[in-house]
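> Below are the chains, spelled out letter by letter.
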Amino acid sequence: MFDEPWESRAFGIAVALHDAGVVDFETFRARLIEEIGAWQAEHDPAASGYRYYERWLAALERTLLDEKLVDPSQVEAARAVLQREWAHDHDRRAAGPREPDG
Amino acid sequence: MSGDHHHDHDDELALRAAALEAVLVEKGLLTTDQVDAIVEHYERDLGPQNGARVVARAWVDPAYRQRLRSDGAAAIRELGYGGFEGGTMVVVENTPDVHNVVVCTLCSCYPWPVLGLPPSWYKSPAYRARAVAEPRAVLREFGVELPAETEIRVWDSTSEVRYLVVPQRPEGADGLSEDELAALVTRDSMIGTGLALEPGA
Numbered sequence: 001m002f003d004e005p006w007e008s009r010a011f012g013i014a015v016a017l018h019d020a021g022v023v024d025f026e027t028f029r030a031r032l033i034e035e036i037g038a039w040q041a042e043h044d045p046a047a048s049g050y051r052y053y054e055r056w057l058a059a060l061e062r063t064l065l066d067e068k069l070v071d072p073s074q075v076e077a078a079r080a081v082l083q084r085e086w087a088h089d090h091d092r093r094a095a096g097p098r099e100p101d102g
Numbered sequence: 103m104s105g106d107h108h109h110d111h112d113d114e115l116a117l118r119a120a121a122l123e124a125v126l127v128e129k130g131l132l133t134t135d136q137v138d139a140i141v142e143h144y145e146r147d148l149g150p151q152n153g154a155r156v157v158a159r160a161w162v163d164p165a166y167r168q169r170l171r172s173d174g175a176a177a178i179r180e181l182g183y184g185g186f187e188g189g190t191m192v193v194v195e196n197t198p199d200v201h202n203v204v205v206c207t208l209c210s211c212y213p214w215p216v217l218g219l220p221p222s223w224y225k226s227p228a229y230r231a232r233a234v235a236e237p238r239a240v241l242r243e244f245g246v247e248l249p250a251e252t253e254i255r256v257w258d259s260t261s262e263v264r265y266l267v268v269p270q271r272p273e274g275a276d277g278l279s280e281d282e283l284a285a286l287v288t289r290d291s292m293i294g295t296g297l298a299l300e301p302g303a
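Read top to bottom, the protein sequences are chains A and B. Under my numbering, read the first sequence as residues 1 to 102, first letter to last. Under my numbering, read the second sequence as residues 103 to 303, first letter to last.
A portion of the hints provided could be inaccurate.
To be verified - Restraint-style ranges between C-beta atoms, simulated for each label pair:
1. A/V22 <-> B/E114: 23 to 31 Å
2. A/D89 <-> B/G277: 25 to 33 Å
3. B/E114 <-> A/L69: 30 to 38 Å
4. B/T190 <-> A/R84: 27 to 35 Å
5. A/Q83 <-> B/R255: 44 to 52 Å
Unchecked claim - Here are the simulated lysine to aspartate or glutamate pairs, EDC-like style, with alpha carbons at most 20 Å apart:
6. B/K129 <-> A/D71
7. B/K129 <-> A/D19
8. B/K129 <-> A/E34
9. B/K129 <-> A/D91
10. A/K68 <-> A/D19
11. B/K129 <-> A/E61
12. B/K129 <-> A/E76
13. A/K68 <-> B/D290
14. A/K68 <-> A/E42
15. A/K68 <-> A/D91
16. A/K68 <-> A/E4
17. B/K129 <-> A/D66
Unchecked claim - Calculated from the model, a selection of chain B residues having no Cβ within reach of chain A, i.e. all distances over 10 Å:
18. E128
19. A176
20. V263
Derived by calculation from the structure, the hints in this document are not laboratory data. The beta-carbon is built from N, C-alpha and C at its ideal position, and this holds for glycine as well.
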């Protein structure tokens, strides 16, 4: 159903916003149709690389910015924080498991 | 394309999704629990097993079949399935003369309450383009070979309407219970890219 965990988050965010009455799903769907159409305008239908939830995520970002529900600077700031956290987690994992008493 | 490239790109997409979620949570527009609950609901509760129950009921109960024809969503709600993306359901029935196939050429709309989330091929640009242009060839690739005289009707979903195909009841299914019949109803048979299974197959 979802190939990657982020796909399920992107899906869940859009549906949750609709359920909560924050974003009408039709507003989102219009962007989704545009994003899919834009990809198709530049690619052959048989081309590889199409990922539905990548289009979904792009549509979600545009919807939230267009509807002024989020601010680009807020998204940038959140992204920078997450990027540092994830890099830190990655370094820890790369260092390998530690001995329980080490 | 190397696996690493794919992995890096997924990291980037994951970061974008997580950044959006973090801002929305911070602003109080949604909670992580709400998103978790939706993902769990779609992964656990919704799926073609729901649609299969609808089809099996239609096979055994002519009155129910009639109600499905006249108001699909209402008849589907009788079995407890409904909600988001199931608002207007049109139920189309396969017969020896007519075979129905469902597609969404614009954006991969799909009847979530009865079929869950769509498979990858349903969302692919190739299926969405070719199902309309050359349905018979597409069906052949799915292993469905129809007699030349069978008419193929392709239904293109819109934001308002979702379609569910009632496949033909297979021969030799007399005497089976409704549960046993439901087990013959595959996801693809309700999209029209497959047929119901033969009993004992």
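> Evaluate each hint against the coordinates.
Against the structure, the hints come out as follows:
no. : hint                         : result
1   : A/V22 <-> B/E114: 23 to 31 Å : 26 Å, holds
2   : A/D89 <-> B/G277: 25 to 33 Å : 58 Å, violated
3   : B/E114 <-> A/L69: 30 to 38 Å : 22 Å, violated
4   : B/T190 <-> A/R84: 27 to 35 Å : 47 Å, violated
5   : A/Q83 <-> B/R255: 44 to 52 Å : 50 Å, holds
6   : B/K129 <-> A/D71             : 11 Å, holds
7   : B/K129 <-> A/D19             : 17 Å, holds
8   : B/K129 <-> A/E34             : 27 Å, violated
9   : B/K129 <-> A/D91             : 30 Å, violated
10  : A/K68 <-> A/D19              : 18 Å, holds
11  : B/K129 <-> A/E61             : 15 Å, holds
12  : B/K129 <-> A/E76             : 15 Å, holds
13  : A/K68 <-> B/D290             : 40 Å, violated
14  : A/K68 <-> A/E42              : 29 Å, violated
15  : A/K68 <-> A/D91              : 36 Å, violated
16  : A/K68 <-> A/E4               : 28 Å, violated
17  : B/K129 <-> A/D66             : 16 Å, holds
18  : E128                         : 7 Å, violated
19  : A176                         : 21 Å, holds
20  : V263                         : 13 Å, holds
Violated hints for the displayed structure, listed by number in ascending order: 2, 3, 4, 8, 9, 13, 14, 15, 16, 18.
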